[in-house]
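Chains as they are written, first to last, in our numbering: chain A, 1 to 213; chain X, 1001 to 1213.
Keep in mind the hints are simulated off the structure, nothing from the lab. These numbers come from a predicted model, not from an experiment. One or more hints might be untrue.
What the hints assert, rightly or not - With a Cα cut of at most 30 angstroms, we get these calculated DSBU-like pairs of lysine-lysine: (1) A:K35 to A:K117; (2) A:K117 to X:K1117; (3) X:K1035 to A:K77; (4) X:K1035 to X:K1046; (5) X:K1077 to X:K1046; (6) A:K22 to X:K1077; (7) A:K46 to A:K117; (8) X:K1022 to X:K1046; (9) X:K1117 to X:K1046; (10) X:K1022 to X:K1077; (11) A:K77 to X:K1022; (12) A:K46 to A:K22.
Stated by the list, open to error - Residues from chain A shown here face chain X by an in silico Cβ test under 8 angstroms; the list is partial: (13) E37; (14) A40; (15) L79; (16) A141.
Yeah, the Cβ is synthetic: ideal placement off N, Cα and C, and Gly gets one too.
Protein chains: 2
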Amino acid sequence: MVLQGYFRSSAAWRVRIALNLKGLGFATVARHLRKREQAAPDYVAKNPQGLVPALEVPGQGVLTQSLAIIEWLEETKPLPPLLPADPWGRARVRSLAQIVACDIHPIQNLRVLAYLKHELGQEQPAIDAFARHWIEAGLAALEARLAREAETGRFCHGDAPGLADLCLVPQLGNARRFGVELSPYPTVLRIEAACAALPAFQDATPDRQPDAE
Amino acid sequence: MVLQGYFRSSAAWRVRIALNLKGLGFATVARHLRKREQAAPDYVAKNPQGLVPALEVPGQGVLTQSLAIIEWLEETKPLPPLLPADPWGRARVRSLAQIVACDIHPIQNLRVLAYLKHELGQEQPAIDAFARHWIEAGLAALEARLAREAETGRFCHGDAPGLADLCLVPQLGNARRFGVELSPYPTVLRIEAACAALPAFQDATPDRQPDAE
């Protein structure tokens, strides 16, 4: 399989962790977002949305949208599982993942920040504050839930890493880039540390990717 | 079951369609977003994120995040299905749904537009243009895929309505509110018309909800 991505894209980073946790080898093709390589005709032919990541599966085609890709990995290579077995637990994990994937990351994504700069004439401090605002709102909700819900274990759900963890960790990478103060989120940080001890997470970090700057 | 929502929330609208398609009865509790009722302590106790929708399931608890709620409905009441049976088709439908649920709706959501107005001092025309920009980018990607992919049928995937359709239709409601010109998206409009013929979609429109203004 070939992952079309970008070292710093947190959506591509999620998929890298999932592939690593599943023990699936993959090649990487880098699409440099600041150089707009994701808008190149050969890439838009694969993914009309012009966003990373996309996963090319030999003999089948191209999958897009990180959560859809990861659910496909889960359905086609179920072990080790990234979702619990019971529907209620699965809904819990998906909802935690979607706090990141729907309500934090898309709002603080590069293309939105570029719009604030170029179309709305905002200065960098205001742009960074915008990104921090949505990251902090989402992390506060995640901390509240993870701290109080009984299903939280060593990881977001129990004692094995899964879909919520692989969304959370890249989002924390973005949080640090924008200077978010993370001490209000101790449960989140504890889970991040548990993830950071695992090779599947270590090998997926941006600095270890071939296109890292 | 009780759906905590808001008549105009496109995420709550998605869940209403899903419940209707599954033939599941539900009561509605309205949380008026412009009055910030979703930030009321009794609601934040149910959903620390302070966003709608939330689905209260008697004897079990509260589910949040519209796509997680709908996947739970699919797993606990599989018929009629909202996702195809094959993993590749499921990934396709989820990716179409996530174009809306991750990459359009959260960016043009009320709370983001309120930030542009109050924190960044933007005037209404610039705010509306911001909303249209992200809606148009997403609809262009959806149109490109739906028009060229062989799996598209009477609905987004084949000839029965599903997860992608129930995300698409409410997003078109938002598109019209912001004045998006929809003629560049003929396949999208054709599918919307097919959905509009179904009672499950008709009964879920904002104007038919008890809190409609």
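How the hints compare with the structure:
1. Between K35 of chain A and K117 of chain A, the direct Cα distance comes to roughly 16 angstroms. Compliance with the 30 angstroms bound is thereby established for this hinted pair.
2. For the hint pairing K117 of chain A with K1117 of chain X, the CA-to-CA distance comes to about 15 angstroms; that is within 30 angstroms, so the pair holds.
3. Straight-line distance between C-alpha atoms of K1035 of chain X and K77 of chain A comes to about 46 angstroms, which puts the hinted pair past the 30 angstroms bound.
4. Under the criterion of a C-alpha separation no larger than 30 angstroms, the hint pairing K1035 of chain X with K1046 of chain X is consistent with the structure, at around 18 angstroms.
5. The hinted pair formed by K1077 of chain X and K1046 of chain X meets the criterion: a straight-line CA distance of about 24 angstroms does not exceed 30 angstroms.
6. Proposed proximity of K22 of chain A and K1077 of chain X is supported: the alpha carbons are some 29 angstroms apart, at most 30 angstroms.
7. Note on K46 of chain A and K117 of chain A: the hinted pairing holds, with a Cα-Cα distance of about 29 angstroms set against a maximum of 30 angstroms.
8. Under the criterion of a C-alpha separation no larger than 30 angstroms, the hint pairing K1022 of chain X with K1046 of chain X is consistent with the structure, at around 24 angstroms.
9. Of the supplied pair hints, the one linking K1117 of chain X and K1046 of chain X holds, its CA atoms being roughly 29 angstroms apart against a limit of 30 angstroms.
10. Distance check on the hinted pair: K1022 of chain X and K1077 of chain X sit about 7 angstroms apart at the alpha-carbon level, within 30 angstroms; holds.
11. With a C-alpha separation of about 29 angstroms, the suggested pair K77 of chain A and K1022 of chain X falls inside the 30 angstroms cut-off, and the hint holds.
12. About 24 angstroms separates the Cα atoms of K46 of chain A and K22 of chain A, which keeps this hinted pair within 30 angstroms; it holds.
13. Because the smallest distance between the Cβ of E37 of chain A and any Cβ of chain X comes to about 17 angstroms, over 8 angstroms, the interface hint for this residue is violated.
14. For A40 of chain A, the shortest C-beta to C-beta distance to chain X is roughly 15 angstroms, which exceeds 8 angstroms, and the interface hint is violated.
15. Of the supplied interface hints, the one on L79 of chain A is violated, with its beta-carbon coming no nearer than about 15 angstroms to a beta-carbon of chain X, more than 8 angstroms.
16. The closest approach between the C-beta of A141 of chain A and any C-beta of chain X is roughly 4 angstroms, which is under the 8 angstroms cut-off, so the hint is satisfied.
Hints 3, 13, 14 and 15 from the list above are not met by this structure, while the remaining hints are.
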